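Mapping of the sequence shown onto our numbering: position 82 corresponds to residue 230, and the numbering continues sequentially without gaps.
In short, the hints are calculated from the structure, not lab data. On a predicted model such as this, the values are computed, not experimentally measured, just so you know. Virtual Cβ for every residue (Gly too), placed ideally from N, Cα, C. Don't take every hint at face value.
[Said to hold, decoys possible] Have a look at the derived ranges for each label pair, beta carbon to beta carbon:
hint	residue 1	residue 2	range
1	Ser267	Trp159	18 to 24 Å
2	Gly211	Thr189	17 to 23 Å
3	Arg166	Cys243	29 to 35 Å
4	Ser267	Cys243	31 to 37 Å
5	Trp159	Glu238	32 to 38 Å
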Amino acid sequence: MSLTPLPEGAWIRGISIRQPYAACILAGAKTVENRPVRWRTGWALLHTSKTIDQSALRVPLIGRTIRDRELVTGAVVGIARITDCHQDPEGAPLCSPWAHSSAWHLVLHDVQELPLSVSACGQVVCAYKSVFSVAWLCCALRHATTNLVKRPVSAK
Numbered sequence: 149m150s151l152t153p154l155p156e157g158a159w160i161r162g163i164s165i166r167q168p169y170a171a172c173i174l175a176g177a178k179t180v181e182n183r184p185v186r187w188r189t190g191w192a193l194l195h196t197s198k199t200i201d202q203s204a205l206r207v208p209l210i211g212r213t214i215r216d217r218e219l220v221t222g223a224v225v226g227i228a229r230i231t232d233c234h235q236d237p238e239g240a241p242l243c244s245p246w247a248h249s250s251a252w253h254l255v256l257h258d259v260q261e262l263p264l265s266v267s268a269c270g271q272v273v274c275a276y277k278s279v280f281s282v283a284w285l286c287c288a289l290r291h292a293t294t295n296l297v298k299r300p301v302s303a304k
């Protein structure tokens, strides 16, 4: 995990990713996200869509990566820095085992998982790029942490 400072400003883009792919990104194994269109570099919130790609759960690379991880859906679960967006030349080897041919490859660095997921609407469509207010996210995290139920520690 990196301690790179987040950008100044009031807004940050978000990217909706289906599970289990989001969990693979948070685990640090999946460093390339596939998209049908080009994206700008910079910081983006990682948002999980409400659906899980059930067929992906049977892929050995994914199964090993997400073992014992919760697949949170419909929430902002982390933040990442997109450092590059490229397509591999036709016929050339793919840049990552996670890369798809003919897709735009978003290279992700400085991935940081939120300590608590924040429920949020989003959608996975061709060119959708959601924008979140940093103030909204901070408020939602503060609300989530103040509503935690503290369990008493049993003495032994």
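Taking the hints in turn, this is what the structure says about them:
no. : hint                        : verdict
1   : Ser267 x Trp159: 18 to 24 Å : 19 Å, holds
2   : Gly211 x Thr189: 17 to 23 Å : 31 Å, violated
3   : Arg166 x Cys243: 29 to 35 Å : 21 Å, violated
4   : Ser267 x Cys243: 31 to 37 Å : 33 Å, holds
5   : Trp159 x Glu238: 32 to 38 Å : 36 Å, holds
This entry does not satisfy hints 2, 3, going by the numbered hints stated previously.
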